[in-house]
Amino acid sequence: MQKTPKKLTALCHQQSTVSCSGSNYSGSKCFRLHRLALLACMVALPAYAYDGKVTFQGEILSDGTCKIETDSKNRTVTLPTVGKANLSHPGQTAAPVPFSITLKECNAADATKANLLFSGAAKGQLYLSNATGSGKATNVGIQIVKADGIGTPIKVDGSQANSEKAPDTGKEQNGTVIQPRFDYFAHYYATGAATAGEVEATATFQVQYN
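Letter by letter, the sequence shown follows residues -49 to -1, 1 to 161 in mature numbering (1 follows the signal peptide of the UniProt record, and there is no 0).
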């Protein structure tokens, strides 16, 4: 029986709905399910600073040679405070922050085949919606993009895994297999004229071998 991920001890406590079964995962071998919580705040300037963070946590679901690097499994990534004027039109982005998800102890075959599947957005939506409630900003979410020099959005609706890793992944160098590293940026994403307030978005990601 598969285990469901533990709830985060941070600000996000939503139950994960992602599993390693179903049509989306046919033919894949999953071994970890992780929660990715992106928290930030957008306020009209001048204002006090409010830091956001990205938190990872997960459990082993099935056998595999790869493990998650400690700084990818439990870490915090800060999204800075921005002014709402920077996000006044749909599609505007602001404050990109780099982060990576890194695996370790993979054999060459698993290192090459490893990919990440993100979920948390509605079908076809390329950004994570902000949580609702008192003090939350409106018309803004958080988007995750590839570190490809273009900022290509990754799918966060569970429809397509991202397999792009650092160069030479899976090759042997001085007798050691080069381990998978997935590089991304997270930034604010306007869906309209943003209002001041907190921004809190949550995603899950799953490591698969395809």
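Keep in mind that the hints were calculated from the coordinates and are not lab data. Be aware that a few hints might be false.
What the hints assert, rightly or not - In silico SDA-like links for lysine to any residue, alpha-carbon gap of 20 Å or less:
| id | residue 1 | residue 2 |
| --- | --- | --- |
| 1 | Lys97 | Gln124 |
| 2 | Lys97 | Pro47 |
| 3 | Lys97 | Asp108 |
| 4 | Lys18 | Lys106 |
| 5 | Lys64 | Gln76 |
| 6 | Lys122 | Thr29 |
| 7 | Lys64 | Asn113 |
| 8 | Lys74 | Asn113 |
| 9 | Lys97 | Ser114 |
| 10 | Lys55 | Asp108 |
| 11 | Lys55 | Lys87 |
| 12 | Lys106 | Cys17 |
| 13 | Lys87 | Thr127 |
| 14 | Lys87 | Lys18 |
| 15 | Lys64 | Thr29 |
| 16 | Lys106 | Arg132 |
| 17 | Lys64 | Thr127 |
| 18 | Lys97 | Thr16 |
| 19 | Lys122 | Asn37 |
| 20 | Lys55 | Thr21 |
| 21 | Lys18 | Gln130 |
| 22 | Lys64 | Thr53 |
| 23 | Lys106 | Gln130 |
| 24 | Lys74 | Ser110 |
| 25 | Lys18 | Val96 |
| 26 | Lys87 | Thr29 |
| 27 | Lys18 | Asp99 |
| 28 | Lys106 | Thr127 |
| 29 | Lys55 | Lys106 |
| 30 | Lys106 | Thr32 |
| 31 | Lys64 | Ile105 |
| 32 | Lys55 | Ser110 |
To be verified - Each pair of labels, with its calculated beta carbon distance range:
| id | residue 1 | residue 2 | range |
| --- | --- | --- | --- |
| 33 | Ser39 | Gln76 | 17 to 27 Å |
| 34 | Gly143 | Ser114 | 45 to 55 Å |
| 35 | Ser85 | Thr21 | 21 to 31 Å |
| 36 | Lys74 | Thr21 | 14 to 24 Å |
| 37 | Asn58 | Asp22 | 15 to 25 Å |
Beta carbons: idealized from backbone N, C-alpha and C, even for Gly.
Each hint, compared with the structure:
A threshold of 20 Å between alpha carbons decides the hint, and for Lys97 with Gln124 the separation of about 25 Å lies outside it, so the pair is violated. Restraint check for Lys97 and Pro47: the C-alpha separation of about 11 Å stays at or below 20 Å, so the hint holds. Between Lys97 and Asp108 the alpha-carbon distance is near 15 Å, which keeps this suggested pair within the 20 Å criterion. The hinted pair formed by Lys18 and Lys106 fails the criterion: a straight-line CA distance of about 23 Å is larger than 20 Å.
Between Lys64 and Gln76, the direct Cα distance comes to roughly 26 Å. Violation of the 20 Å bound is thereby established for this hinted pair. In summary, the hint linking Lys122 to Thr29 is not supported, as the alpha carbons are separated by about 32 Å, beyond the 20 Å threshold. Of the pairs offered as hints, the one joining Lys64 and Asn113 holds, with about 11 Å between alpha carbons and a cut-off of 20 Å not exceeded. The suggested pairing of Lys74 with Asn113 holds, with an alpha-carbon distance near 16 Å, which does not exceed 20 Å.
Annotation: proposed proximity of Lys97 to Ser114 holds, straight-line Cα distance about 11 Å (limit 20 Å). For the hint pairing Lys55 with Asp108, the CA-to-CA distance comes to about 26 Å; that exceeds 20 Å, so the pair is violated. Taking the CA atoms of Lys55 and Lys87, the gap is about 37 Å. The hint is violated against a cut of 20 Å. Straight-line distance between C-alpha atoms of Lys106 and Cys17 comes to about 23 Å, which puts the hinted pair past the 20 Å bound.
As the CA atoms of Lys87 and Thr127 are separated by approximately 47 Å, the hinted pair breaks the 20 Å bound. Between Lys87 and Lys18, the direct Cα distance comes to roughly 36 Å. Violation of the 20 Å bound is thereby established for this hinted pair. As the CA atoms of Lys64 and Thr29 are separated by approximately 30 Å, the hinted pair breaks the 20 Å bound. For the hint linking Lys106 to Arg132, the alpha-carbon distance of about 18 Å falls within 20 Å, and the restraint holds.
Proposed proximity of Lys64 and Thr127 is supported: the alpha carbons are some 17 Å apart, at most 20 Å. Of the pairs offered as hints, the one joining Lys97 and Thr16 is violated, with about 25 Å between alpha carbons and a cut-off of 20 Å exceeded. With a CA separation close to 43 Å, the supplied pair Lys122 and Asn37 exceeds the 20 Å bound. A hinted pair counts as satisfied when its Cα atoms are at most 20 Å apart, and Lys55 with Thr21 qualifies at roughly 9 Å.
As the CA atoms of Lys18 and Gln130 are separated by approximately 10 Å, the hinted pair is consistent with the 20 Å bound. For the given pair, Lys64 sits about 14 Å from Thr53 by alpha-carbon distance, which is consistent with the 20 Å threshold. The suggested pairing of Lys106 with Gln130 is violated, with an alpha-carbon distance near 23 Å, which exceeds 20 Å. At roughly 8 Å between alpha-carbon atoms, Lys74 and Ser110 fall within 20 Å of each other, so this suggested pair holds.
About 23 Å separates the Cα atoms of Lys18 and Val96, which puts this hinted pair outside 20 Å; it is violated. At most 20 Å may separate the alpha-carbon atoms for a hinted pair to count; Lys87 and Thr29 meet this at roughly 18 Å. Taken as a hint, the Lys18 and Asp99 pair is broken in the structure, with Cα atoms around 25 Å apart against an allowance of 20 Å. Distance hint between Lys106 and Thr127 is unfulfilled; the C-alpha atoms sit about 32 Å from each other, more than 20 Å.
With a CA separation close to 24 Å, the supplied pair Lys55 and Lys106 exceeds the 20 Å bound. Straight-line distance between C-alpha atoms of Lys106 and Thr32 comes to about 25 Å, which puts the hinted pair past the 20 Å bound. A C-alpha spacing of about 18 Å is found between Lys64 and Ile105, which places the hinted pair at or below 20 Å, so the restraint holds. For the proposed pair Lys55 and Ser110, the alpha carbon gap of about 26 Å is over 20 Å, so the pair is violated.
Taken as a hint, the range 17 to 27 Å holds for the pair Ser39 and Gln76, whose Cβ atoms sit roughly 21 Å apart. As the Cβ distance of Gly143 to Ser114 is approximately 33 Å, the hint placing it in 45 to 55 Å is violated. Judged by the Cβ atoms, the range 21 to 31 Å given for Ser85 and Thr21 is violated: they are separated by roughly 35 Å. Against the hinted window of 14 to 24 Å, the Cβ-Cβ separation of Lys74 and Thr21 comes to about 34 Å, which falls outside the hint.
For Asn58 paired with Asp22, a C-beta distance near 22 Å keeps the hint of 15 to 25 Å intact.
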